[in-house]
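Enquirer: Chain by chain, the residues:
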Amino acid sequence: MIYLVGENVFTFNSGTEFSQFERLNAFNNNDKRAVLLLRNYNRMLSNEIKKHGLRQKDVINMYDYFQGTVKTRRKEQSLRLLDSIPLTDYHIVGVDNNYSNIEYKGKKIGEIRVMPATVGLVGSIEYYDSLGQTAVKEYWDWRGFKSMVETYHPDGSVAMQQYLRQDGSPAIEVTHMYIGDKVLPTMWKLINYKGRDWQFRTEDQLFTFFLNEINNQEPGTFISDRRTLDSSVLNVENADKKISYLHSVPFKDYNRPQQGLMDVYERAVNGENGKEFDYVILPTQDQADEVAKLTTAQSQVVSAPDSYVKTGKAKELSQEINLVYVGRLAVEKHTDDVIKAFKHISNKLPEAKLKLQGYFGSGEYEKELKDLVKKLDLTDKVEFVAYDPAKQVLQDGTLFLNASRSEGFGMNMLEALASGIPVVTYAANYTRNNLVKDGVNGFNVVKTTPVGLANKVLELLGDSKEYASLSQGAIQTAKENSEANFMKQWNKFID
Amino acid sequence: MIYFINFGMPDHKSGIEHAEIKRLNLFKNHNQPAKVIARDWNRTLHQTANASGVDDDSLLGMFDYFQDATKVSAKNLTVDDLDFGVVNTNREDETDKNRYLVTNAANGKLVARVNYDPVHDRQVVSTELFDEYGNLYRVDHYDSRGFRSLVQWYTPDNKIGNEEWLTPDGRTVVRTFNKFDIHHKLVKTGWWLQEKNGEIHTFDTIDELFEHFLNRINEKGNNIFILDRSLLADGALTRLKKPAYTVMHLHNSQAGDAQDPLHSIVNNNYEYALANLDRYSSVVSATQRQTNDVIERFKPKAKMFTIPVGIVDNETLNEDHVAMDKRTFGKVIAVARIAYEKRLDDLVRAVKIVHDQVPEVTLDLYGYADSSNNYGEKRKIEKLIKELNLEDVVTFKGYTNDIAKVEKDAQVFGLTSRMEGFNLAVMEALSHGVIGVTYDVNYGPNDIVVDGKNGYIVDFGDYKALAEKMLKIFKDKKLMQELSDGSYETSERFSDENVWNAWQDLIKDAEKTLGGAVRK
Numbered sequence: 000m001i002y003l004v005g006e007n008v009f010t011f012n013s014g015t016e017f018s019q020f021e022r023l024n025a026f027n028n029n030d031k032r033a034v035l036l037l038r039n040y041n042r043m044l045s046n047e048i049k050k051h052g053l054r055q056k057d058v059i060n061m062y063d064y065f066q067g068t069v070k071t072r073r074k075e076q077s078l079r080l081l082d083s084i085p086l087t088d089y090h091i092v093g094v095d096n097n098y099s100n101i102e103y104k105g106k107k108i109g110e111i112r113v114m115p116a117t118v119g120l121v122g123s124i125e126y127y128d129s130l131g132q133t134a135v136k137e138y139w140d141w142r143g144f145k146s147m148v149e150t151y152h153p154d155g156s157v158a159m160q161q162y163l164r165q166d167g168s169p170a171i172e173v174t175h176m177y178i179g180d181k182v183l184p185t186m187w188k189l190i191n192y193k194g195r196d197w198q199f200r201t202e203d204q205l206f207t208f209f210l211n212e213i214n215n216q217e218p219g220t221f222i223s224d225r226r227t228l229d230s231s232v233l234n235v236e237n238a239d240k241k242i243s244y245l246h247s248v249p250f251k252d253y254n255r256p257q258q259g260l261m262d263v264y265e266r267a268v269n270g271e272n273g274k275e276f277d278y279v280i281l282p283t284q285d286q287a288d289e290v291a292k293l294t295t296a297q298s299q300v301v302s303a304p305d306s307y308v309k310t311g312k313a314k315e316l317s318q319e320i321n322l323v324y325v326g327r328l329a330v331e332k333h334t335d336d337v338i339k340a341f342k343h344i345s346n347k348l349p350e351a352k353l354k355l356q357g358y359f360g361s362g363e364y365e366k367e368l369k370d371l372v373k374k375l376d377l378t379d380k381v382e383f384v385a386y387d388p389a390k391q392v393l394q395d396g397t398l399f400l401n402a403s404r405s406e407g408f409g410m411n412m413l414e415a416l417a418s419g420i421p422v423v424t425y426a427a428n429y430t431r432n433n434l435v436k437d438g439v440n441g442f443n444v445v446k447t448t449p450v451g452l453a454n455k456v457l458e459l460l461g462d463s464k465e466y467a468s469l470s471q472g473a474i475q476t477a478k479e480n481s482e483a484n485f486m487k488q489w490n491k492f493i494d
Numbered sequence: 000m001i002y003f004i005n006f007g008m009p010d011h012k013s014g015i016e017h018a019e020i021k022r023l024n025l026f027k028n029h030n031q032p033a034k035v036i037a038r039d040w041n042r043t044l045h046q047t048a049n050a051s052g053v054d055d056d057s058l059l060g061m062f063d064y065f066q067d068a069t070k071v072s073a074k075n076l077t078v079d080d081l082d083f084g085v086v087n088t089n090r091e092d093e094t095d096k097n098r099y100l101v102t103n104a105a106n107g108k109l110v111a112r113v114n115y116d117p118v119h120d121r122q123v124v125s126t127e128l129f130d131e132y133g134n135l136y137r138v139d140h141y142d143s144r145g146f147r148s149l150v151q152w153y154t155p156d157n158k159i160g161n162e163e164w165l166t167p168d169g170r171t172v173v174r175t176f177n178k179f180d181i182h183h184k185l186v187k188t189g190w191w192l193q194e195k196n197g198e199i200h201t202f203d204t205i206d207e208l209f210e211h212f213l214n215r216i217n218e219k220g221n222n223i224f225i226l227d228r229s230l231l232a233d234g235a236l237t238r239l240k241k242p243a244y245t246v247m248h249l250h251n252s253q254a255g256d257a258q259d260p261l262h263s264i265v266n267n268n269y270e271y272a273l274a275n276l277d278r279y280s281s282v283v284s285a286t287q288r289q290t291n292d293v294i295e296r297f298k299p300k301a302k303m304f305t306i307p308v309g310i311v312d313n314e315t316l317n318e319d320h321v322a323m324d325k326r327t328f329g330k331v332i333a334v335a336r337i338a339y340e341k342r343l344d345d346l347v348r349a350v351k352i353v354h355d356q357v358p359e360v361t362l363d364l365y366g367y368a369d370s371s372n373n374y375g376e377k378r379k380i381e382k383l384i385k386e387l388n389l390e391d392v393v394t395f396k397g398y399t400n401d402i403a404k405v406e407k408d409a410q411v412f413g414l415t416s417r418m419e420g421f422n423l424a425v426m427e428a429l430s431h432g433v434i435g436v437t438y439d440v441n442y443g444p445n446d447i448v449v450d451g452k453n454g455y456i457v458d459f460g461d462y463k464a465l466a467e468k469m470l471k472i473f474k475d476k477k478l479m480q481e482l483s484d485g486s487y488e489t490s491e492r493f494s495d496e497n498v499w500n501a502w503q504d505l506i507k508d509a510e511k512t513l514g515g516a517v518r519k
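Heads up: the sequence lines are chains A and B, in that order.
Each residue of the first sequence is one higher than the one before, counting from 0 in numbering that gives the first Met the number 0.
Each residue of the second sequence is one higher than the one before, counting from 0 in numbering that gives the first Met the number 0.
If we strip away everything but chain A, and leave its shape as in the complex, we get (with noise of 0.2 Å):
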C-alpha cells in the first residue's frame, strides 16, 4: 500500500494537492495501490474530493478515522426533519436561504446554519444561554451526521471540542487554555479507542499516532508532501519506505543552490533525531543534483515527475489571438509582469485578448492587478476567469505567458504544452532547460522584464512557421511527460 500524506482537500487548492491527487489516480489505475492520508479536519470533505474526481475509499481523513465515519455514506438531513429539534415545544422559523431559528414562545433559543451549497439541509446548530450567548454549537458533516460539538469560554472564545462517534460518544476531545497568554488548543485527547485513552499535547502527536494505526493495519509506504507533516511521516515505525517529496524550490536562494536549504526543507531532507526519509525526491534532476551536494542524510535523493499530462492536439496559428495564464494570481508569479508585457503586445496587436485564470493570492493583490488592468486601460482585453476544473481557457489559447521567478516543476506550462500551446517564460530555474526548451516548445526569456517577454511573444506571433513547430514541439513533451512514462519513474522507488 502506498499513503500520501496531506493536509486537507479544498475547493481550491495549490499545486501540491493536485499533483497528489494526479498521483493517486495514476497509481491506482496502473495497480499500485493508494490512498490519500489526511490531518485536518474538515467536515466537507466528503464533498470536496468528489469535486476533484476522488472516491471515498481513495481518503483517509484522521478524524473520521477515529470517528469511526471513514466509511459512512451521504444522506440528506433537512433542517426540519432533525430528531433532535422537538417541534412539539419549538418553532423552526426560516429566515432566509442560510438560516433559520428556533425559536420558544418568541423568543429566539437558537439558530440553524444551512449546509453550504444546498437547500434546507442542516450545517450547524447553535444554542444560545439565557443571556442570548451562544453556548453550544454541533456541526454537522456533509454527510448529514452530527460531527462536532463545540463550547465555549466566559468571554467567547473556544472552550472545547469533541469529534463524535455514530452513537453520539466522544472519539476526540481538544482542549483550549493557556499557552504563555493565549488561549490555543493544548491538549487532544483520544477517548477509548481500542479500550484505553490517548493524550496528545499537539494534533502532529496525534498525526503520528494515527499514521503508525493505518501502517500496522497494513503496511506501506509513506510520502510526505507537506513540509509540516514531515514529522509525523518520519516518526511511523516500521514503514516499507518513508519518501518525501518536494515540490517547489527548497534553497535559500534559487540562484545560488549553494548556500544551502531553507528552514522548513531540512527535515525533508535531512531527517530528525536520527529519523530519516528512505528517499528525497525533486520534480527535475537538476534540483536533485544540487540538493544532494546539501544533504547530510543518508536518504537517497532522486527524482520523479510531480505529474502527468493527457496529450491533444498541436495548433496552427490563426488570426484570433489569445493569450493565456493559468495558475495562481499572486505576487510570487509576477502576474503583473504578465499585464505589463500584454500592454506592449496589445499596443502592437490591438485585437489580441489576454486571459487569466485561476485564484487570487489575496485580497490586496486581486485589487492591485485589477486596477493595474484599468491604468493601463486595458479593460476590455484583459479577462480574470474563475478558477473552474471543468471550463479551461487553454482551449483556445494561442500562447502561454508566464512572468515567475522560479518553478519546482511548472505543472501550469506543462498543461499548456499538453494542449499545444507553446509557452514563453521567463527563463525561471527548473523550467528552463526542463520543461521549456528554446525553440522546441517555447522560449525562456533571459531578460526577465515584462519588454523582453512581450517581445519574444510578439515575435513568435510573427512567424506562422515558427508556431506551428513549436506546437509540435509541446505535443512531444506532453508525450514525454504521459502516465506511462510517470509510472515508470516513480516505479523506481515504489515497487
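Please note that the accuracy of each hint is not assured.
What the hints assert, rightly or not - No farther apart than 30 Å at their CA atoms in a straight line, the calculated lysine-lysine pairs in the DSSO-like style are these:
| id | chain 1 | residue 1 | chain 2 | residue 2 |
| --- | --- | --- | --- | --- |
| 1 | A | Lys107 | B | Lys195 |
| 2 | A | Lys193 | B | Lys195 |
| 3 | A | Lys487 | A | Lys292 |
| 4 | A | Lys145 | B | Lys187 |
| 5 | A | Lys106 | B | Lys219 |
It is worth saying that the hints were derived from the structure and are not from the lab.
Given chain A, work out where chain B should sit, using these hints.
Expert: Chain B in isolation, oriented as in the chain A frame:
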C-alpha cells in the same frame, strides 16, 4: 407511581427527609409503589439514600434519569481503574490530603490529582486534570457507584466554566454554562439537555429543567406527586401537561407566626403554593389543628387531608409497657436540637421550680447543639444552669442512636418550642409511655399531647404553669401511671394501620379525580 419531591436524601436529614422515609416504608409495607425524587445531583445520592433504607427502586434522581443511570450496579472504582491517556505514570500518595498525585513518567509533569474517600475503600471522589502546560483544565466527579458523572471544565483563569453530566458510557447529556452577565459576574446562564430520544431542549434555570423532567415522567399521566419541598416545584406542579394528582404537603406552619395563624404573614416557603392553592389536587397537613387553620384562612377548594407524618411501628405498639415505678423517678427529658426555636431555657426554668419541691428531678437534653452564633443557644442555657445552680440536675447528653432506651426510663417529656411542624420526638416518647408536658404550640405538640389524657398542655410561654403540671405529676403516683397508660393508648393514633388508612383516603380521592387507577 407516587412521587415524593425533594432535593435529595443526605446523611444530615431534616424532619422532611425523616417523614419521607417513614412514608416510603409505610407504602412498601402495603405494596404501594413510591419513589423519592431527588432533584439535585450529588455523587453520594445512592450511598446516603441506601444507608437510610431508601433502595434504588425507591429513588429517582433527576440527573440519574437523564444520565441513564437510575440503575447502575455499584462498583468500587479506585485510582487503579483510571485511564489518563498517558502511557506510564507515577503515583504519590498524599494520605493527609486523601489524594494521589499522578505524574507523567516520561516528563515528570503533573497529570492529575486523584481525590479519594478514605472511609469507603479509597474510592475515587474526583480527579483534577492538568494539561502539559500546567493548566487545570477539568475536574471530573465520580458517582459513588463508580462512574464518571459530572465534568467541570475550567476557564483559562481557573474558574468553573461549562459543566457536563455524562451517561455511564461517557456521552454528554446535560450541560450548564457559567458565563459573565452584564455586570461581569460569572453566573449560571442556562441548561442544555439531550434526551434518550435524541431531543435537545434548553432551559434558562434548573427550575425549568425540573419542570420538564416532571412532565417527562408524567408523560402517560395518572401519577401522584407529593410536594415535600414546596419551592422545588410549587409552580411546576400547577402546570403539568398530563393529568396528575398533585399534593401540596405542609411540613411546617403555613403562617410565619404559628401562634397567630390567621393573621401573621404567610411562611415564605409556602407563599406561592398558598396563593395558588386551588391549582393543586389536595393539601396534606399533619394535624387536624393545622388543617382547620388552613381552611379558615384560605378557604381552599382543594381537598384537605390530615395525615400524621410520624408513624409508630407495630413492634413498638406491641412492646411490654414499662410501669412508672420501674423508671427513674423525676427523670425529665427533651429531645431537640439545642436551638433558639426550641426555647429550652424555658424548660430549664420550669425544672428549677420543680426541683425546689421535688429534689429528685433531673433534666436530660438529647440533641445536637445548633452551631449558629458560635453555639450561642447552648452557651445561653449553660449560663442559666449555672445561675440557677442546676449543674447536677440538667445534663447535655448530645445525640443518641438509641433514644428508645432513654425513653423507657424517663417519666416526662418537656416541650417548650416556639413553633413546630409536627415533632416526631414527642410522638416517639409517648409511644414508650413517657408523659408529655408541652406549651400550646402549633403544630403537632398540642395535637399529639391530649390534655389530661397523656399529659398536659399549658399556655404558650408559661413555664410556671409547665412546672405546676410537672409537680402535679411527680406528686401523684397514681395519676402518673394513668397518664403513662394514656400515652401508650393514644399512640395507636399513629399506628401503621391508622396512618395507612389516612393515605388510602387520599389515594382513593386521586383515583376518583384521575378517573382511573394510579399508574404503578
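Enquirer: Are the hints correct? Go through all of them and say.
Expert: Structure-based check of each hint:
| no. | hint | in the structure |
| --- | --- | --- |
| 1 | Lys107/A / Lys195/B | 24 Å, holds |
| 2 | Lys193/A / Lys195/B | 25 Å, holds |
| 3 | Lys487/A / Lys292/A | 25 Å, holds |
| 4 | Lys145/A / Lys187/B | 26 Å, holds |
| 5 | Lys106/A / Lys219/B | 29 Å, holds |
Violated hints are absent here; each numbered hint is respected by the structure.
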